[in-house]
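Read top to bottom, the protein sequences are chains F and H. Residues in the first sequence are numbered from 1 upward in steps of one, following the numbering used here. Residues in the second sequence are numbered from 1 upward in steps of one, following the numbering used here.
Do not take every clue at face value.
Identical copies carry no separate label here, and so any pair may be met within one copy or between two of them.
As a list, the in silico DSSO-like pairs of lysine-lysine whose alpha-carbon atoms are at most 30 Å apart [to be verified]:
(1) Lys179 to Lys330
(2) Lys484 to Lys540
(3) Lys255 to Lys179
(4) Lys61 to Lys255
(5) Lys61 to Lys79
(6) Lys146 to Lys79
(7) Lys79 to Lys255
(8) Lys484 to Lys146
(9) Lys484 to Lys61
Think of the hints as simulated: they come from the structure by calculation, not from any bench.
Number of protein chains: 2
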Amino acid sequence: MTYQPPVREHLFLLRDILAIEQYATLPGFADASYETVGQILEAAATFNAEVIAPLNAVGDKQGCRLNPDHSVVTPDGFKEAYRALVEAGWPALGADPAWGGQGLPAVVNLAVSEMASSANMAFGMYPGLTHGAYSAIEYGGSDDQKALYLPRLASGQWTGTMNLTEPQCGTDLGLLRTKAVPAGDGTYRITGQKIWISGGEHDLAENIVHLVLARIEGAPGGTRGISLFIVPKFIPNADGSLGARNSVICAGLEKKMGIHGSATCVMAHDEATGWLIGEENRGLAVMFVMMNEARIGVGLQGLAQAEAAYQAAAAFARDRLQGRALTGPKNPDGPADSILVHPDVRRMLLDARAILEAGRAFLFWTALRGDLAHRHPDEAVRQRAEDYMGLLTPVLKGYLTDRGFAICSDSMQVYGGSGFTETFSASQSLRDSRITLIYEGTNGVQALDLVGRKLGAKGGRAVMTFLGEIDAFVAAESADPDLKRFTDALAGAKAQLQQGTMWLMQNGLTNPDNAGAASTDYMHLFGLTGLAFMWALMAKAALARMAAGDTDPFYANKLLIGRHFIERILPLTGAHLAKLESGSATLMSFPSEAF
Amino acid sequence: MTYQPPVREHLFLLRDILAIEQYATLPGFADASYETVGQILEAAATFNAEVIAPLNAVGDKQGCRLNPDHSVVTPDGFKEAYRALVEAGWPALGADPAWGGQGLPAVVNLAVSEMASSANMAFGMYPGLTHGAYSAIEYGGSDDQKALYLPRLASGQWTGTMNLTEPQCGTDLGLLRTKAVPAGDGTYRITGQKIWISGGEHDLAENIVHLVLARIEGAPGGTRGISLFIVPKFIPNADGSLGARNSVICAGLEKKMGIHGSATCVMAHDEATGWLIGEENRGLAVMFVMMNEARIGVGLQGLAQAEAAYQAAAAFARDRLQGRALTGPKNPDGPADSILVHPDVRRMLLDARAILEAGRAFLFWTALRGDLAHRHPDEAVRQRAEDYMGLLTPVLKGYLTDRGFAICSDSMQVYGGSGFTETFSASQSLRDSRITLIYEGTNGVQALDLVGRKLGAKGGRAVMTFLGEIDAFVAAESADPDLKRFTDALAGAKAQLQQGTMWLMQNGLTNPDNAGAASTDYMHLFGLTGLAFMWALMAKAALARMAAGDTDPFYANKLLIGRHFIERILPLTGAHLAKLESGSATLMSFPSEAF
Numbered sequence: 001m002t003y004q005p006p007v008r009e010h011l012f013l014l015r016d017i018l019a020i021e022q023y024a025t026l027p028g029f030a031d032a033s034y035e036t037v038g039q040i041l042e043a044a045a046t047f048n049a050e051v052i053a054p055l056n057a058v059g060d061k062q063g064c065r066l067n068p069d070h071s072v073v074t075p076d077g078f079k080e081a082y083r084a085l086v087e088a089g090w091p092a093l094g095a096d097p098a099w100g101g102q103g104l105p106a107v108v109n110l111a112v113s114e115m116a117s118s119a120n121m122a123f124g125m126y127p128g129l130t131h132g133a134y135s136a137i138e139y140g141g142s143d144d145q146k147a148l149y150l151p152r153l154a155s156g157q158w159t160g161t162m163n164l165t166e167p168q169c170g171t172d173l174g175l176l177r178t179k180a181v182p183a184g185d186g187t188y189r190i191t192g193q194k195i196w197i198s199g200g201e202h203d204l205a206e207n208i209v210h211l212v213l214a215r216i217e218g219a220p221g222g223t224r225g226i227s228l229f230i231v232p233k234f235i236p237n238a239d240g241s242l243g244a245r246n247s248v249i250c251a252g253l254e255k256k257m258g259i260h261g262s263a264t265c266v267m268a269h270d271e272a273t274g275w276l277i278g279e280e281n282r283g284l285a286v287m288f289v290m291m292n293e294a295r296i297g298v299g300l301q302g303l304a305q306a307e308a309a310y311q312a313a314a315a316f317a318r319d320r321l322q323g324r325a326l327t328g329p330k331n332p333d334g335p336a337d338s339i340l341v342h343p344d345v346r347r348m349l350l351d352a353r354a355i356l357e358a359g360r361a362f363l364f365w366t367a368l369r370g371d372l373a374h375r376h377p378d379e380a381v382r383q384r385a386e387d388y389m390g391l392l393t394p395v396l397k398g399y400l401t402d403r404g405f406a407i408c409s410d411s412m413q414v415y416g417g418s419g420f421t422e423t424f425s426a427s428q429s430l431r432d433s434r435i436t437l438i439y440e441g442t443n444g445v446q447a448l449d450l451v452g453r454k455l456g457a458k459g460g461r462a463v464m465t466f467l468g469e470i471d472a473f474v475a476a477e478s479a480d481p482d483l484k485r486f487t488d489a490l491a492g493a494k495a496q497l498q499q500g501t502m503w504l505m506q507n508g509l510t511n512p513d514n515a516g517a518a519s520t521d522y523m524h525l526f527g528l529t530g531l532a533f534m535w536a537l538m539a540k541a542a543l544a545r546m547a548a549g550d551t552d553p554f555y556a557n558k559l560l561i562g563r564h565f566i567e568r569i570l571p572l573t574g575a576h577l578a579k580l581e582s583g584s585a586t587l588m589s590f591p592s593e594a595f
Numbered sequence: 001m002t003y004q005p006p007v008r009e010h011l012f013l014l015r016d017i018l019a020i021e022q023y024a025t026l027p028g029f030a031d032a033s034y035e036t037v038g039q040i041l042e043a044a045a046t047f048n049a050e051v052i053a054p055l056n057a058v059g060d061k062q063g064c065r066l067n068p069d070h071s072v073v074t075p076d077g078f079k080e081a082y083r084a085l086v087e088a089g090w091p092a093l094g095a096d097p098a099w100g101g102q103g104l105p106a107v108v109n110l111a112v113s114e115m116a117s118s119a120n121m122a123f124g125m126y127p128g129l130t131h132g133a134y135s136a137i138e139y140g141g142s143d144d145q146k147a148l149y150l151p152r153l154a155s156g157q158w159t160g161t162m163n164l165t166e167p168q169c170g171t172d173l174g175l176l177r178t179k180a181v182p183a184g185d186g187t188y189r190i191t192g193q194k195i196w197i198s199g200g201e202h203d204l205a206e207n208i209v210h211l212v213l214a215r216i217e218g219a220p221g222g223t224r225g226i227s228l229f230i231v232p233k234f235i236p237n238a239d240g241s242l243g244a245r246n247s248v249i250c251a252g253l254e255k256k257m258g259i260h261g262s263a264t265c266v267m268a269h270d271e272a273t274g275w276l277i278g279e280e281n282r283g284l285a286v287m288f289v290m291m292n293e294a295r296i297g298v299g300l301q302g303l304a305q306a307e308a309a310y311q312a313a314a315a316f317a318r319d320r321l322q323g324r325a326l327t328g329p330k331n332p333d334g335p336a337d338s339i340l341v342h343p344d345v346r347r348m349l350l351d352a353r354a355i356l357e358a359g360r361a362f363l364f365w366t367a368l369r370g371d372l373a374h375r376h377p378d379e380a381v382r383q384r385a386e387d388y389m390g391l392l393t394p395v396l397k398g399y400l401t402d403r404g405f406a407i408c409s410d411s412m413q414v415y416g417g418s419g420f421t422e423t424f425s426a427s428q429s430l431r432d433s434r435i436t437l438i439y440e441g442t443n444g445v446q447a448l449d450l451v452g453r454k455l456g457a458k459g460g461r462a463v464m465t466f467l468g469e470i471d472a473f474v475a476a477e478s479a480d481p482d483l484k485r486f487t488d489a490l491a492g493a494k495a496q497l498q499q500g501t502m503w504l505m506q507n508g509l510t511n512p513d514n515a516g517a518a519s520t521d522y523m524h525l526f527g528l529t530g531l532a533f534m535w536a537l538m539a540k541a542a543l544a545r546m547a548a549g550d551t552d553p554f555y556a557n558k559l560l561i562g563r564h565f566i567e568r569i570l571p572l573t574g575a576h577l578a579k580l581e582s583g584s585a586t587l588m589s590f591p592s593e594a595f
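Generate coordinates for the entire structure from the input sequences, incorporating the hints supplied.
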C-alpha cells in the first residue's frame, strides 16, 4: 500500500478551520487562494507519493556509507530524488521572494512538509534542516551573508546543518568546548568535534553550510560565551562559485535504530574557516530561531510518521481475513471476516485518527500564528501570535511525538506478527518515529521549557490568553445543542488545564522541583486540551457544512472521530492532573544510590 | 554496564510475600528452602550475567544465517553458551524428577527464567520453548512418547518448537491447512508450510522436536478438526539415538525488528513423519498447555526486558553529567550535575520501578498458584489456584508487555540522543521487547480472552474470588495506619475494577461488541488493580521488617516506590474505567471504507 497524502484533510483545515483567504491582504497570502493551494498540495502529493515514498524502504535497508576519503554516499535513488526536488522548486515554497522563494505562508509549507516526512522522513530531513539554516541566516546574518547563502539554501542548491552537540554537551550547551580563534582577516578558525550532525556530509548537493556553535577564545564560560558561525564545506567565492575545501570532515557515521537514510555524522572541525553570524557570544539567540522551527518540524515528523503508519495498518486491516465478528459473520462467503470487524482493532485505528486529525489541526493552527507573527500589520495580533508560538511549540513537539510513537506502536499491533517483520513498513515507522521524542530537545526538555520558561513568561500572559480564547469559544458556542458534546468536553478539559496551571503557579515557584515533577503530565494535559479545542472547531465546521446540505460523508465521519476522541482519549486529562498534583516529594526523596 | 540479576527482589518475594517454605510438604517444595533457593538464584545470576548476557549485543548485530543446505547458524558464542547451559543443568530445574528434572517449584524456575530473558531474550527463547514442548508432551503424550522425549527435552539435549502459524492463519487457527495423512504404520505424513517458528532450525542441539498442528485428512473444518503431532528433525530410535533426517526443513529466516539471535523460521513439512499426540482432532487442547505456559513466559519477557532497560538507563543517568538541578548545583565541583537531579528523569525511572517490582510480584504470586494447582492435596485450593491461573494469564501477558515496552521506551528517553544509537543497549531492548506485545496471541487477543472467556467462566467465579480476596485483605489490614495509604488505594482500584466487571456483565452479554470495545481498557484496569494489591502486600511486608528493627534501606525504598505507584501510576484506573464504559457504539458505527 502506498502512502496517500491527506490533501482532503489539509484543505479542510486551511479552508474550514483557518479560513486562510481572510488574510489575503498579508504578504504571501494573496497567492494562497484555496484554488492555488489546492493545486500546490495536489502536485506535492503526487511528487511525494511517487518520487519520495518509494525510496523510504530502500533508505532504511541500505543506510548511508562513509568512504575512506570521508565522503558519504546516500542510499540508492536519494541523489536523483533530491535533484528532482530542487528542480521542481519544492524547497523554495516557503522562502522569501527576495531570495528566490515563493513566499507562501508557513502553514501551507507545513502541509507539504508533512507529506515529505510521511513519505520518507530520513530523506525529508535534508531539505528540512536546510530550511532551518535558511531561517537562522535570514534572522541573524549580515547582508553579505544573506546575499551569498540565502538564495542557494532557499533553492536547495546547497544544504544546511546545525552543529550543536558534542560528546560531553547535549542539552547543556554551556559545556560546549569547540573553539573559535580569530584569523585576523575577519574569519575564525573553528576546531572541535560535533556529534549527531544530521546531513553533515552527503552526496546530494554541491555544498553544505554548517551552522556551528563555538566559543571564541577568551569568551566567558557557560552559555554566555557561545557564538554562531557559518562553516561551509566548500568556501564560496563572492559569486557563489565554489572555492577551497574547508577543513571540516565527516569522521564517522552513527549507527542508529532508525532514519538510516539520514546521514548522522561525527563532524571534525580542524581549524576550519568560519564566519561569525551576528554578535560575538550571542550565538544561541540565532540558533534558537533554527531550533524553534526545528521543534515544530519534529512535532510534524511525529505526526507524519504516525499518519503513514496508520494508513498502512488500516490498509492491512481491510485486507486481512482472520476470525469472525463477535456478533456473527460479516463476510459469510469468505473464509473469515476482515479484522476491521473487531472493536479492539477499530479502537486502535480510531485512537490514531482522533489524535492525528486534531494534532494536525493544532499544528496548522499554530503555524498560522507564525505567519501572523511575521506578516500581520497589527502589533497586538503579532504579539498574541508570538506568545502562542512560544507557548505551543514545546507542547506540539512533546505531545505529538509521544502520541505519534504510540500510534506507530498501535499500528504495528494491528498487523499481528507481520508487523514485527521487516517485510512491512510498521517496523520502520516505529523505529524512525522514535527519534522524534529525543532530538531538538528531548520531550522532557520540552516539558521543562513549557513549565519553566513559557508558562511564566510575561506574567503568564500567553497561557491566560489561550485559556481565555477557549472560554470565549465555549461561551459563544455552548448554546448549540449539536455542538454541546464538544463544548462540554472542551470546557472540562480546559478547567483541568487551568487547575494544573494554578497548581504550578502556586507550587512551582516555591519549589522548582514541583514544576519539574509536574512538567510531562502538564504538557500532556495541555496537548489534550489543545486537541479538544481543535475537535470543537472541526465539529463546528463539519456541522456547518452538513447544515448547508453538504452530504460528503467526510463531515459525518469527522464528527464520529471527534466523539471517539471525547470518549476514548480525553478521559486521560484526569489522570494527568492527579499525577501532576502529587508533587515532587516522593520523587526527590528516593535516594540516588538506590536507582 | 552489566545486567545485575535482581536476586534481592526475588528472595524478598519468595520469602516475605509468598513464604514458600510454608508449602514444604508439597512435592518439590521440600527442596526449596530459602537457603537452597538463595544459592540457586545466586548461581543462576552468575551464569546469566557472565555467560549469557555478554552474547546479547552479538546476537542482535549478527543475527542468524540460513545456509543453502537449509541449516541455520546462530550468532557467535550461542552454541558454546547453550552447551554450558545444558551442562550446568539449568533447563532441568523445573522438570519432573521422573524425567531427570530437579522438580523445583515453577515459581523458583520463573526467577531463573527472568534472568535468562533479561540477559538475552533471543537466546532464552531456545530453552524457553523447549520447556513448553516438554509440558505439552507431559500433559498429552503417550507413555512411550514421554519416555523418549521428556528426558531429552528436560535436559535441553534436544530443543522444542511450536508449529502453529501459517500465512493465512495466525490468531484464527480454524483456517489451518497443514494436512496429515495416516501412513498405515501408526505414523502420519505431515505436509504444509508453517511460519514464524522460533528455533525451527539452529545449531545448538542435536535434535529439534516440532509440535505441529495439522488437519488429518477428512477431519472437520475449523478448530474442531485440528490434531497435534510430534515431528522430530531426526527420527529417534527407541533408545534415543538419532535415525533418519525427517523431511521438515527451514525454507527461510524472517527479517525482524528485534530478537535477531532467535531463528524465526519458515518451516516446510513435505510428507514429514509425525506422531499423533493424544486424540485425533483434539490437538488444540494440548497445544494450549504449551500456549498458556508460553503466555506467562511472554509476560515475563516483557518484564525482563524492561528490567534490563531500566538498569542500563539508571546506570547511564548516574554517570551522565549535564545541566544543573533546578534547586541549585548538587555537584558544584563538577562541570554539571548528574541527570538524576531532574525530577522528570526520576519520574521515568521510578515509573519503571513501580511497575517492575509489583509486576514481578504479580507474576510470582500467580506462578505459585500454578504450583498449587498441580501439587496441592486440597481440591479446593487446587481449584481456586486453577481459576486464578486462567483469569490472570491474559492479564499478565497483556498488561506486563504493554507496560514493559513503555518502560523500554522511557528508558531510552533517559539517555537522550545516545539512546537512539546502537552503541548503547536501549535500542535493542526496545526492539526486542516489542514482539512480546504480539506473539503467543496479540495483547488484543489476550484482552478478548479475558473478557470473552475467562471472566464469565463458571459464572464469574474466578474474578469474584479475586475481588473477594482483595476485600478480605483490605478489611483485615485497613486498621493499620501505616498501611492505610496502600489499603485505601487498593480499595479504590478494586472498586473501579468491580464497576468495570459489572459493566461488562451487564453490557457485554447483550452486545458482544461492548465486551470487545472494553477489553483492552479492562485488561489494564485489572493489571493496575493487581499491582495495587501487590504493592499493599509488599508494603505490609516491608513495614513488618522495619517494625522488627531491620534497617536495610531496601524496605524504606520499597515503601517509597509503592507511594510513587499510588501517586503516579494508579490514577490511570479512572481513565480506563471511563473509556471502557463508553461502549462500542461510536467504534462500530464508523464506516469500514472510511478507515
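Hints versus structure:
1. Lys179 to Lys330: For lysine 179 and lysine 330, only the inter-copy Cα distance (28 Å) is at most 30 Å; the intra-copy one is 69 Å.
2. Lys484 to Lys540: within (10 Å within a copy, 48 Å between copies)
3. Lys255 to Lys179: Within one copy only: 27 Å inside a chain, 45 Å across chains, cut-off 30 Å.
4. Lys61 to Lys255: both (12 Å within a copy, 11 Å between copies)
5. Lys61 to Lys79: both (16 Å within a copy, 28 Å between copies)
6. Lys146 to Lys79: within (26 Å within a copy, 62 Å between copies)
7. Lys79 to Lys255: Both, since 21 Å and 27 Å are each at most 30 Å.
8. Lys484 to Lys146: neither (52 Å within a copy, 67 Å between copies)
9. Lys484 to Lys61: neither (50 Å within a copy, 55 Å between copies)
Checked against the numbered hints listed earlier, the structure breaks hints 8, 9; every other hint is satisfied.
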